[in-house]
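Student: One letter stands for each residue in the lines below.
Number of protein chains: 2
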Amino acid sequence: MTSDSMMEAGAPALRYLDDLQPGDRFTSPEHELDEAQIKAFALQFDPQPFHLDHEAAKGTLFGGLAASGWHTAALTMRLLVKGGAPLAGGIIGAGGEIAWPKPTRPGDVLHVESKIVSVTPSKSRPDRGMVVVSSTTLNQHGDVLQQSTFKLVVPRRAASPAP
Amino acid sequence: MTSDSMMEAGAPALRYLDDLQPGDRFTSPEHELDEAQIKAFALQFDPQPFHLDHEAAKGTLFGGLAASGWHTAALTMRLLVKGGAPLAGGIIGAGGEIAWPKPTRPGDVLHVESKIVSVTPSKSRPDRGMVVVSSTTLNQHGDVLQQSTFKLVVPRRAASPAP
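Residue numbers (the working numbering), protein chains in the order written: chain A, 20 to 182; chain B, 20 to 182.
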């Protein structure tokens with residue numbers, strides 16, 4: 020289920036459920052966001068004036084052009100896939116919580132810091148378990164742009180054959 | 020802060036905080052998702068095999084090509100903006116919860132059904148308040164693809180001048 024194509028040069032080894040402990044931390048690579056990316060995402064998925072136009076955004080709660088929260092969320096996912104959450108089987112979320120304490124702006128350089136909160140083997144499915152991960156998306160100034168806590172399905176290492 | 024450009028032919032009137040009550044319901048237009056859209060989103064934001072390739076997806080938890088949950092979330096936002104949540108001032112989320120009970124598949128036709136859960140005027144800011152909205156994203160078979168509950172900032176109607 021893992022793919023060599025997900026392993027990049029210098030990428031950390033992929034963790035199975037058995038390899039993870041509460042408190043484990045991971046840091047993603049960076050992504051630099053510009054105005055063109057913000058507007059392109061907004062046009063497709065969140066076409067509201069404060070995500071599309073500098074002038075129109077000035078008179079809104081945002082006070083200037085800001086990325087859609089869903090753009091910040093999608094970029095956070097990209098950064099987790101690109102090394103920020105090195106999980107065997109990929110990153111498969113069942114659900115969770117998300118908040119955007121500050122707007123994401125043109126010129127922000129994003130990275131994601133994640134921490135394993137809990138690791139729970141499945142009682143009914145011996146091949147997998149549930150991991151709760153808390154991820155904080157920050158810009159280059161240390162501003163928290165997104166805070167999320169998600170449940171992920173993570174496979175176990177194949178069981179040893181019975182003796 | 021509202022924009023005429025958000026009003027489309029037949030679009031419902033935009034609601035201020037004062038117009039909303041718990042239990043109010045809204046239904047979005049539809050969006051038809053195809054394989055090309057799923058792969059394009061995945062390439063940019065969630066480049067994992069089960070979102071990019073039919074064959075690679077077969078051996079995974081998804082059992083076949085599935086959209087990124089963040090793609091479902093982004094399309095849900097699009098549908099809310101396109102009439103599924105007719106709020107004055109736009110749709111500005113502070114945070115919330117989200118879950119994906121079933122994968123979104125190529126050929127799914129999505130729409131969003133939303134319900135106002137609570138309406139709370141701000142104590143410190145008389146020009147606005149917080150509305151909690153529960154939104155369910157369904158396909159043409161009635162399968163629930165996403166369930167979310169988010170806090171939104173909604174402006175009040177301008178207060179009448181003091182007598």
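For the record, the hints were derived by calculation from the structure and aren't laboratory data.
Wrong hints could be hidden among the right ones.
If chains are identical, the list can't say which one is meant, so a pair holds when it fits in one copy or spans any two.
To be verified - Pairs of lysine-lysine residues, derived as DSSO-like cross-links and limited to a Cα-Cα distance of at most 27 Å, are as follows:
no., residue 1, residue 2
1, Lys77, Lys134
2, Lys58, Lys142
3, Lys170, Lys77
4, Lys58, Lys170
5, Lys142, Lys101
6, Lys77, Lys101
7, Lys77, Lys142
8, Lys101, Lys134
9, Lys121, Lys142
10, Lys170, Lys134
11, Lys101, Lys58
12, Lys58, Lys77
Remember, predicted model here, so these are calculated numbers, not experimental data.
Student: A separate judgement is required for each hint: does it hold in the structure or not?
Tutor: Consistency of the hints with the structure:
no. : hint              : in the structure
1   : Lys77 <-> Lys134  : neither (36 Å within a copy, 30 Å between copies)
2   : Lys58 <-> Lys142  : neither (45 Å within a copy, 34 Å between copies)
3   : Lys170 <-> Lys77  : between (37 Å within a copy, 22 Å between copies)
4   : Lys58 <-> Lys170  : between (30 Å within a copy, 24 Å between copies)
5   : Lys142 <-> Lys101 : neither (30 Å within a copy, 43 Å between copies)
6   : Lys77 <-> Lys101  : between (34 Å within a copy, 22 Å between copies)
7   : Lys77 <-> Lys142  : between (53 Å within a copy, 24 Å between copies)
8   : Lys101 <-> Lys134 : within (16 Å within a copy, 36 Å between copies)
9   : Lys121 <-> Lys142 : between (39 Å within a copy, 21 Å between copies)
10  : Lys170 <-> Lys134 : both (12 Å within a copy, 25 Å between copies)
11  : Lys101 <-> Lys58  : both (23 Å within a copy, 17 Å between copies)
12  : Lys58 <-> Lys77   : within (15 Å within a copy, 35 Å between copies)
The structure fails hints 1, 2, 5 (numbered hints given earlier, in ascending order).
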